[in-house]
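Participant: Letter by letter, the chains look like this.
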Amino acid sequence: MTPIKLYPPKPDKVYFFGTCLIDMFYPQAGLDGIRLLEREGIEVLFPDDQTCCGQPAYTSGYHDEARAVAEAQLDLFPEPWPIIVPSGSCGGMMRTHYPQLFAGSSRSSQAEEVAGRIFELTEFLVHVCHVRLEDKGQPQRVAMHTSCSARREMGLAETGPGLLSQLTNVTLVEQVRASECCGFGGTFAVRHPEVSAAMVEDKTQAIESAGAEHFVTSDCGCLMNIGGRFERKRQDGQEGQVGGEHIASYLWRRTS
Amino acid sequence: MNVQTFTPQAFHRQAHDALGNPQIRSNFRRAMDGLMAKRRDAFGDWDIETLRDLGANIRLRALAKLPDLLEQLEANCQANGIRVHWAEDGEQACRIIRELCEARGARHVIKGKSMVSEEMHLNDHLEAAGIEALESDLGEYLVQLNEQTPSHIIMPAIHLNTEEISDVMHDRTGTERTIDVDYLTAAARAQLRERFMAADVGISGVNFAVAETGTLCLVENEGNGRMTTTVPPVHIAVTGIEKVVEHLRDVPPLYALLTRSATGQHVTTYFNMISGPRKPGERDGPEEVHLVLVDNGRSSIYQDNELLDTLRCIRCGACMNHCPVYTRVGGHTYGTTYPGPIGSILMPHLMGLEATKDLPSASSLCGACGEVCPVKIPIPDLLVRLRKEAVGEGRGNVEGAGVKRDRKEVLAWKGWQWLATHPGAWRAGAGVAGKFRFLSPSRLGPWTDYRTAPKPAATSLHAMVKQHRRKLEREDEK
Amino acid sequence: MSARESILRRLRERADGTLPIPEADFSVVTGRGWSQEERLQRFEARISSVHGEVIHASTDEWVVALREMLQTKGVTRLGLGRDHPVASEARAALQATGIELVDAGRDIETWSREQFESLDAGLTSTRGGIAETGSLWLWPTPDEPRRLSLVPPLHIAVLDAEAIEDTFFDVVERHGWAGQMPTNALLISGPSKTADIEQTLAYGVHGPRELVVLIRH
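In order, the protein sequence lines correspond to chains A, B and C. The numbering of the first sequence is the UniProt record's numbering, which starts it at 1 and goes up by one. The numbering of the second sequence is the UniProt record's numbering, which starts it at 1 and goes up by one. The numbering of the third sequence is the UniProt record's numbering, which starts it at 1 and goes up by one.
Since the hints were derived computationally from the structure, they do not count as laboratory data. Just to be clear, a hint being listed does not mean it is correct.
Calculated pairs, DSS-like style, for lysine-lysine (alpha carbon to alpha carbon, straight line, at most 30 Å) [said to hold, decoys possible]:
(1) K471/B / K136/A
(2) K13/A / K136/A
(3) K10/A / K455/B
(4) K466/B / K13/A
(5) K136/A / K466/B
(6) K13/A / K376/B
(7) K466/B / K455/B
Residues from chain B that keep clear of chain C, each with C-beta distances beyond 10 Å, as calculated [unchecked claim]:
(8) T5
(9) K65
(10) A256
(11) L411
(12) G434
Glycine is no exception: its CB is placed at the ideal position from the N, C-alpha and C atoms.
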C-alpha cells in the first residue's frame with residue numbers, strides 16, 4: 001500500500017515530464033496536460049533536455065543503462081517545484097524506483113528528493129489543484145482503464161474516474177475485471193506476445209461489452225496496447241470497435 | 001487423456017498450447033474469478049493491512065532468527081519424541097525418507113499434500129525403490145491418477161473439469177461416468193480408506209513448524225492430512241527449512257491469513273497440531289514421527305537481503321489466483337513445481353536461471369500478486385531483480401546469472417541509453433521520426449500480430465511545447 | 001560435515017549479515033470484546049455456514065437432545081469414551097435405547113478396521129470453541145482418541161456455551177497452550193469437505209460427512 005500522501009498547496013509553478021511515449025507518439029496528450037495545468041493558473045516548465053524515465057530498461061533488468069538515463073533526468077528539476085508526469089508507470093518509476101536505483105550512490109539523496117516531488121497528472125489535478133471541470137461535450141458512455149502502475153504502485157485507482165465523474169454528460173461505464181492488467185507491461189508485450197495478446201483481447205472485450213462508446217486511460221502504454229488492438233480489429237473488419245485517448249486530451253477536449 | 005511433460009524451458013510453446021485450449025482457458029478463468037471474489041469477501045470485515053503487516057513481521061522475525069529457531073525446533077521436537085533429519089537437497093531428502101520406509105519394511109506409503117515432496121519428486125524416487133506412494137488429497141489423487149503434476153499449489157486438479165475427472169476415475173478406478181460430484185467424492189473416499197488402512201507410512205507436509213513447542217501444524221479441509229498423520233504406524237513430515245516460526249502465538253495470525261488468502265475461507269475444517277508420536281497409554285496415532293528439514297536452495301536465497309523475502313511465503317497461492325498471466329495459461333505452462341508469480345521468483349533458485357529464464361519475464365509487473373500477498377512479499381520487485389540477474393547486471397549470486405545476456409539486446413539498450421542521455425540527438429531523432437513517419441513499419445514483429453503499429457507523431461511533444469510557448473508569448477505581447 | 005552442520009553454517013554465515021528483528025503487533029487478532037451472547041451467535045453463524053449442525057440443550061438435559069438426534073439420524077453404533085463426564089453421562093442416558101455403545105478407549109490395533117467400517121458416529125467432548133471462526137478445539141485423550149473425531153461418518157461434539165472464546169489467538173494465550181502442548185491438538189470447523197472437483201463443494205471426503213455441535217447452556 002502506498003502510504004497516505006500529504007499534498008502541498010497549489011504551487012505557482014510545476015515541472016512537466018512528458019514521458020518518451022507521449023513525446024514520440026502521443027504529444028497531444030502532453031500538450032493537453034500542460035494546458036489543463038496552465039488553466040489552473042500554474043506556470044508549467046518543460047525542461048527541454050528531458051528524454052525518458054528509464055523504465056523500459058529497468059523492468060527488462062538492464063539497470064546500468066536505466067540508471068544512466070535516470071541520472072540524466074535527475075538534474076532537470078533544480079527548483080523545488082512539483083514534477084508532473086502524465087503516466088502512472090513513468091510516475092511510479094520515478095517515485096518508487098529512482099530511490100532504489102540510486103540507493104547507496106552519491107545521487108541517493110537527490111533521487112529521494114526528486115521522487116518526493118513526483119505527481120501523476122490526475123493525482124495532481126484532483127489532490128493539489130482541486131479542479132472543477134465544466135463539461136461542454138455531448139453525452140457519451142466512457143470506460144476508464146487505470147494503469148496498473150497508477151492503481152497499485154501509486155495508489156491512484158480513484159483519481160481518473162473522479163475527474164471523469166465531474167463531466168456531467170459523461171457516463172462512466174463499469175467493466176468486468178476493471179482492475180486487471182491490459183497486458184502491456186512494457187517489454188512484456190514483446191517477450192510474451194501471445195499471453196499479452198490474450199490479455200488485451202479480454203480487455204477490449206470488457207470495454208466493448210460494458211457498452212462504452214469511448215475509452216480513456218492515464219497511461220500511453222495501455223493506450224497503445226488497447227487502442228492498437230481495437231484498431232487492428234477494426235482493420236480486420238470486426239464491427240463495434242471503441243476509440244480511445246489519454247485522459248488529459250479527453251478532459252481538455254470536453255472542457256475547453 | 002494424454003500424458004504430457006511440461007518444462008520451464010518450453011514455457012512459450014506451453015503457453016501457446018494453453019492459450020489455444022478453450023477448456024483450460026475457461027477452467028482457470030472460472031476458478032480464479034471465484035477465488036478472487038471469495039478472498040475479497042473473506043477479508044471484508046478485517047483490518048487487512050494491519051493483519052498483513054503482522055504476518056510479514058512474524059515471518060521476517062522467524063527468518064532473522066532462522067538458524068537459532070531451527071535448532072530450537074529440533075531440540076523441542078526431539079524432546080517430544082519426533083526425530084529430526086536434515087537434507088541439503090531434494091535427493092538427500094528422498095534418500096532419508098526411502099531409508100526410513102525401508103527400515104520399516106514399508107511397501108505402501110500414503111501421502112498428505114506436500115509441495116516440498118513434489119519439489120523433490122519423492123513419489124518417483126520411492127516408486128523406483130519399489131515403494132508405492134499414493135496421494136490422498138483428492139486433487140492430488142486425481143492428478144496422480146491422470147499421471148500429471150499439480151497445476152496449482154492449493155487446488156492441484158483445478159485444470160480439470162468434472163467431466164474430465166469423471167473420465168479419469170472411470171478409466172483408472174472403474175467408477176461410473178457421471179458429473180455427480182458427491183458420487184465421485186464418495187467413490188474416492190471409499191477407495192482411499194482402504195489405502196489408509198493398508199499404509200505402512202504416512203508422509204505429509206508442514207504449514208508451520210513451531211520452534212518454541214516442537215509442533216508441526218497442518219492446514220486442511222478434507223481430513224486426509226489427519227488420516228495420513230494418525231492412521232499409519234509411521235508419520236514422516238517433510239518441509240522446507242523456512243517454514244519455522246518462533247512462537248505458538250505466531251500461528252493464529254498466519255493461519256488467518258493463509259486460509260483467507262488461499263480459498264477465501266475464514267478457517268479450514270481442520271487445523272492439526274502434532275507435537276509428538278503416540279505416547280504410552282495413548283490409544284492411536286503413529287509410533288514414530290519424523291521431521292525432514294529440506295534446504296534445497298533455500299539457504300542460498302537466504303544470503304541476500306532482497307531475495308530473502310522469497311522465503312516469507314506461506315504457500316497460499318493468492319498470487320497465482322490474482323495473476324492475469326497464470327489465469328490465462330494455467331499452472332502446467334510454467335513447467336515447475338510452483339507455478340505463477342511465486343514460482344517465477346522461487347524456481348530460478350531451485351533450478352537455476354538457465355532453465356527458468358522465461359519465468360521472471362512472464363509477468364506484466366501489474367502488481368496484483370504483491371497487492372494480495374498475505375506476507376507482503378514484493379513479488380514484482382523480485383521479478384525485476386531476477387531479470388537483472390538473468391541479463392548479468394545483478395549481484396551474480398543466482399545460479400545461471402547472465403544467461404540471458406544477449407549481445408544484440410545489450411547493444412540495443414546501449415544505443416537507447418546513448419540517445420536518452422544526449423537530449424539534442426533525442427530531439428533530432430524525434431523530429432526525423434516524425435518527418436518520415438510514413439516510412440514507419442506497419443508490422444513490428446509479434447506486436448502487430450494483434451495490434452496496429454504505433455506511428456511516430458508528426459510533431460514531438462518537445463516541438464509542440466515550443467510552438468505552444470511562442471503562441472503564449474505572442475498572446476502576451478498583444 | 002553433516003547436512004545439519006552445513007545448512008546451519010550457511011545460515012549463520014549469511015553474506016548480507018545479520019537481519020533486523022521487526023516488532024509484531026498482535027492487537028488485530030485479539031481484543032474483540034464480544035459478549036457471551038455475541039460469541040455464541042458468531043460461533044453458530046460461522047459453523048453453520050460451513051455445514052456444521054448446531055443443537056442447543058440445557059446442561060441438565062443435553063443427553064435427551066443427544067438421544068433424539070441419534071435416533072433421528074438412525075445411529076446404531078456410537079463410539080465414545082468412558083471417563084470423561086460427557087461420555088459417562090451419555091452412556092447412562094443411552095443404556096436402553098438399542099444404540100450400541102462402542103468403547104473408543106481401546107488400542108487402535110485391536111479394532112482399526114471395525115472403527116473404519118462399522119461405526120455410525122463418534123461422540124467427543126471439546127475443550128472449547130472459537131467465536132470468530134466457528135471452531136471447536138479438541139485435545140484428544142486416551143479416553144477420546146484422535147480418530148474418534150475423524151473416522152466415523154458423523155462426529156458429535158459437545159460444547160459448553162461459556163467455553164466459547166473470541167479468537168484462536170485468545171485461546172492459545174489464555175490457556176497457555178505453549179507450555180503444555182498435547183500430542184495432538186485440533187481445531188475442527190465443520191465436517192470434512194473438498195472443492196477439488198471443479199470447485200464444487202462436497203462433504204465427507206475423508207473425515208465425517210456430518211458434524212453436530214451440541215451446545216450446552
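Participant: Compare the structure with each hint and give your call.
Facilitator: To see whether the hints hold, each was checked on the structure:
1. Between K471/B and K136/A, the direct Cα distance comes to roughly 24 Å. Compliance with the 30 Å bound is thereby established for this hinted pair.
2. For the suggested pair K13/A and K136/A, the alpha carbons sit about 27 Å apart, so the restraint of at most 30 Å is met.
3. Annotation: proposed proximity of K10/A to K455/B is violated, straight-line Cα distance about 36 Å (limit 30 Å).
4. For the hint pairing K466/B with K13/A, the CA-to-CA distance comes to about 18 Å; that is within 30 Å, so the pair holds.
5. Taking the CA atoms of K136/A and K466/B, the gap is near 28 Å; set against the 30 Å cutoff, the hint holds.
6. Proposed proximity of K13/A and K376/B is contradicted: the alpha carbons are some 38 Å apart, above 30 Å.
7. Distance check on the hinted pair: K466/B and K455/B sit about 21 Å apart at the alpha-carbon level, within 30 Å; holds.
8. Its beta-carbon lying about 23 Å from the closest one in chain C, T5/B satisfies the requirement of being farther than 10 Å from that chain.
9. Distance check on K65/B: its Cβ comes as close as 7 Å (rounded) to a Cβ of chain C, failing to clear the 10 Å threshold; non-interface status is violated.
10. Annotated as non-interface, A256/B brings its C-beta within 10 Å of a C-beta of chain C; the closest such distance is 7 Å.
11. The claim that L411/B lies off the interface holds: its Cβ sits roughly 33 Å from the closest Cβ of chain C, which is beyond the 10 Å cut-off.
12. The beta carbon of G434/B is kept farther than 10 Å from every beta carbon of chain C, the shortest such distance being approximately 48 Å.
In the structure shown, a violation is registered for the earlier hints numbered 3, 6, 9 and 10, in ascending order.
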